[in-house]
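Protein chains in written order, with the working numbering: chain A, 1 to 327; chain B, 1 to 251; chain C, 1 to 305.
In case anyone wonders, no lab produced these hints; they're calculated from the structure.
Bear in mind that the values here come from a model prediction, so they are computed numbers and not experimental data.
From the three backbone atoms N, C-alpha and C, an ideal C-beta is built for every residue, glycine too.
Heads up, some of the hints might be wrong.
To give an idea of the chain A side of the interface with chain B (calculated C-beta under 10 Å), a few residues [unchecked claim]:
id, residue
1, Arg194
2, Gly198
3, Thr202
4, Ala203
5, Ala204
6, Gln206
7, Ile216
8, Thr250
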Amino acid sequence: MARETYINAALTLALVLVPLWAWSTGQAYILTLCTKVAILALAGVGLNIALGLGGLVSFGHAAFFGIGGYAMGILASHAQIMDPIAEWPFLIEGTKSMPVIWLVAMLASAFAALLIGALSLRTSGVYFIMITLAFGQMLYYFTIGWPAYGGEDGLSIYVRNSFPGLNTLVPAQFLILAYVILGLALLFSARLARAPFGLALTAARQNADRVETVGITPFKLRLVAFVISGAITGLAGALFADLNRFISPTMFSWHTSGEIMIFVILGGVGRLYGPVAGAALFILLEHLLGGISDYWLIYVGALLLGVVLFARGGLIGTLAGREVAHG
Amino acid sequence: MAEIVLQTNGISKSFGALKASDNISLDLRAGEIHALIGPNGAGKSTLIKQIAGNMQPDNGTVQFLGRDVTALDTVARARLGLGRTFQISALAMEFTVLQNAVLGALGERGGVFRFFRPVMKDRALLERAREALKRVGLQDHAATRTAELSHGQRRQLEVAVALTLKPKAFLMDEPMAGLGAGGSKRLTGFLDGLRAEAPILLVEHDMDAVFALADRISVLVYGQVIATGTAAEIRSNAEVRRAYLGEEDAA
Amino acid sequence: MTFLLFAEQLLNGLQFGIMLFLMAAGLTLVFGVMGLINLAHGSLYMIGAFAAATVAGLTGSFLLALAASLAAAAVAGAVIEMTVIRRLYKRDHLDQVLATFALILILSEGTRWVFGSFPLYLDVPSYLSGPVTLPGGIQYPLYRLTIIVAGLIVAAGLFALIARTRIGIQIRAGEADREMIAALGVDISKLYTLVFALGAALAGLAGAMVGAIQSVQVGMGEPVLILAFVVIVIGGIGSIKGALVGSLLVGVTDTMGGVLLPRMFGLFMDASAATTVGASLSSMLIYILMAAVLIVRPSGLYGSA
């Protein structure tokens with residue numbers, strides 16, 4: 001426990017010092033990489049609420065990541081060409097304002113999580129994995145076949161969306177924005193894990209009978225967790241789209257789901273900082289190995305296989321010892 | 001006669017040709033311990049599941065506190081005040097003992113969907129959880145991880161969690177199983193006092209405990225209740241002797 | 001829509017369904033017997049197709065290519081089972097998903113390394129190309145018809161294997177009770193390797209046969225894998241019969257939906273809008289089917305739990 005705190009502190013320090021160094025030496029590319037780490041970690045923080053706390057192995061979180069991305073893409077592209085999204089039954093205009101986009105992204109992905117969760121949480125185990133995967137793919141194929149926002153080719157947004165008081169096109173400012181959101185999400189998920197809801201949700205993961213016997217319905221707990229989880233991953237999707245100024249069906253692909261899950265697992269499932277450590281490690285590997293070989297994913301695969309077979313606590317688990325801190 | 005708290009009215013449940021519950025009517029009255037005994041395979045687990053709400057009877061009804069609860073699930077019955085303990089401990093094994101007890105107190109109080117205030121700093125919940133742990137003698141193990149408890153201590157914790165629910169009736173499935181002689185005796189003493197708080201429907205294999213505790217005993221054989229009565233009545237019942245001891249000994 | 005077009009699309013759906021069955025059968029068998037969810041099943045499909053394309057390129061023989069696909073996928077399956085998969089049987093589903101996802105990354109990128117990113121082509125042999133005329137005057141490609149027939153024969157063989165042979169009895173016993181079958185003196189680890197290799201061979205064969213219609217490329221197994229999951233969810237995990245029924249349902253629904261929906265929307269929309277809406281919706285059709293089955297039967301049509 002104490003050791004995990006030190007590791008978290010060291011990680012935080014690294015995530016602050018690296019960009020500071022990059023900023024002082026004018027390496028904008030490193031700043032962008034750090035922003036990417038923060039955004040992908042945010043997606044992992046979302047998944048970790050379902051997976052780590054709730055034990056819900058969702059292989060379809062790309063659905064929410066993609067919906068967040070497309071919420072941004074649709075709003076911004078309409079604002080870009082000054083064409084309202086809908087005029088009936090009432091006028092809906094596009095927007096370039098990040099807070100509005102984030103709100104829409106979270107609401108839309110929460111709603112999708114509610115629908116997908118209500119269906120797939122009727123099942124458990126392998127069925128749940130396959131069904132979440134299938135619903136994610138459904139949206140993937142839907143966006144490929146839907147020509148309005150670029151279809152298979154995706155859609156570019158030429159200017160990054162705006163945030164009051166900031167110039168988001170300056171890498172350092174966008175980085176700070178992403179960090180603050182990640183920090184808030186981590187704070188929220190730490191509070192959540194210790195709150196009554198977290199206690200009941202983690203209990204339902206360990207023993208659903210117990211939770212029922214004290215008069216709490218596991219299904220409701222899991223559905224709420226799935227919706228919260230989806231909304232956070234959706235927010236990450238909107239930010240990711242803004243980072244790249246581009247959306248495409250790839251955001252919905254099951255490889256995206258797999259990667260979000262890899263962040264959580266590489267870092268350590270159920271650990272507060274797990275997704276941050278995992279995303280940082282993943283981006284570091286992509287950056288280092290990607291320079292050596294075009295086939296760097298082989299090494300990621302081998303590493304993941306090694307972690308699953310031999311180091312089940314992930315990075316933080318291996319460094320901090322096996323004890324997982326709950327509540 | 002004391003008021004009836006929990007009652008089954010002619011419930012039946014079949015699995016194919018097997019009649020696991022055959023027209024079972026029994027009741028649990030305020031202030032009593034009603035023990036349910038029977039050989040293995042008599043249908044005790046099936047009956048418990050129908051009373052707790054895990055399983056729907058094919059026929060008949062279950063009444064709790066004067067209300068037909070046949071259509072309600074386990075969660076709803078628990079909320080009405082049916083405190084259950086399991087034969088095989090159903091506890092959150094990664095939690096501390098205290099966390100398990102707090103979970104019970106939380107279930108009773110409600111307000112699960114709160115996302116910000118730390119539950120383990122909630123005074124009211126902690127107080128109730130600690131009190132329940134103290135009553136079963138686990139107060140010194142509050143910070144122990146549940147997985148590290150002995151088999152017997154887990155049974156005590158099961159009872160403690162049921163206590164936090166302030167139930168109107170207890171449904172206990174073999175609480176003595178796995179307890180040593182000393183533990184069994186202590187729990188017997190505890191249950192003895194508990195009946196004044198809420199009546200207990202007790203499924204138990206430990207016959208010493210059953211005959212020491214039970215105000216009434218029902219004997220279940222092949223899905224049927226073949227006798228209900230006081231300890232003395234059951235001891236002398238010919239049909240019970242036949243079921244337990246075999247045909248020839250009964251003569 | 002004419003009868004002829006309808007019949008042709010129905011046959012296409014059937015052919016697609018049969019190929020899905022070859023994939024789903026292996027997945028569901030492995031899950032039923034070993035309790036393992038294998039995401040890397042699509043990689044075995046890909047390996048089969050690459051082996052076939054390579055051997056066909058070297059020898060020019062389509063039959064040798066098919067044999068190569070079976071052999072390569074079976075061997076790859078056995079090797080993967082013995083090195084990685086058998087460490088996962090006692091793990092939870094999360095570990096299984098992650099480890100087999102890792103295998104996909106390794107196998108896909110490894111294949112790209114060896115064969116490059118450009119697709120390979122596997123040609124339909126001349127004696128199977130061209131159309132045949134079926135009763136009712138339906139013109140249908142001989143190769144696709146061969147796939148249907150070959151797939152049905154394999155399916156029948158699989159059912160016979162499970163119902164009639166010693167191995168089949170062991171497989172069914174293994175589904176029911178692992179300790180029991182081990183106690184009866186069956187070498188359980190050998191049985192598991194065999195079942196996994198059998199499933200892999202079926203996937204490899206499917207990959208080779210489809211490879212001659214589409215192109216052979218890295219990642220070709222993934223869409224099929226996910227459809228096979230949909231099939232299993234619909235049919236019920238562990239049930240071969242469920243896999244067959246589910247495959248045909250998904251195959252026919254997907255194919256017919258792609259043709260019928262745009263026409264249906266064409267009745268009350270202009271043509272281009274109808275094509276767009278119809279195509280988008282038809283891509284979602286099987287998932288809607290899956291959701292509908294889940295609402296009625298959460299454990300699938302033939303699922304037990």
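Cross-check of the supplied hints:
1. Given the 10 Å rule on beta carbons, the hint for Arg194 (chain A) holds: about 4 Å separates it from the nearest Cβ of chain B.
2. Given the 10 Å rule on beta carbons, the hint for Gly198 (chain A) holds: about 7 Å separates it from the nearest Cβ of chain B.
3. A cut of 10 Å between beta carbons decides the hint on Thr202 (chain A): the least distance to chain B is about 7 Å, and the hint holds.
4. Nearest Cβ of chain B to the Cβ of Ala203 (chain A): about 4 Å, under the 10 Å cut. The hint holds.
5. Checking Ala204 (chain A) against chain B by beta carbon gives a least distance of about 9 Å; that is within 10 Å, so the hint holds.
6. For the restraint placing Gln206 (chain A) at the interface with chain B, the shortest Cβ-Cβ distance is roughly 4 Å, inside the 10 Å limit, so the hint holds.
7. With its C-beta approaching chain B no nearer than about 5 Å, Ile216 (chain A) sits inside the 10 Å limit, and its interface hint holds.
8. For Thr250 (chain A), the shortest C-beta to C-beta distance to chain B is roughly 33 Å, which exceeds 10 Å, and the interface hint is violated.
When each numbered hint is compared with the structure, a violation occurs for hint 8 only.
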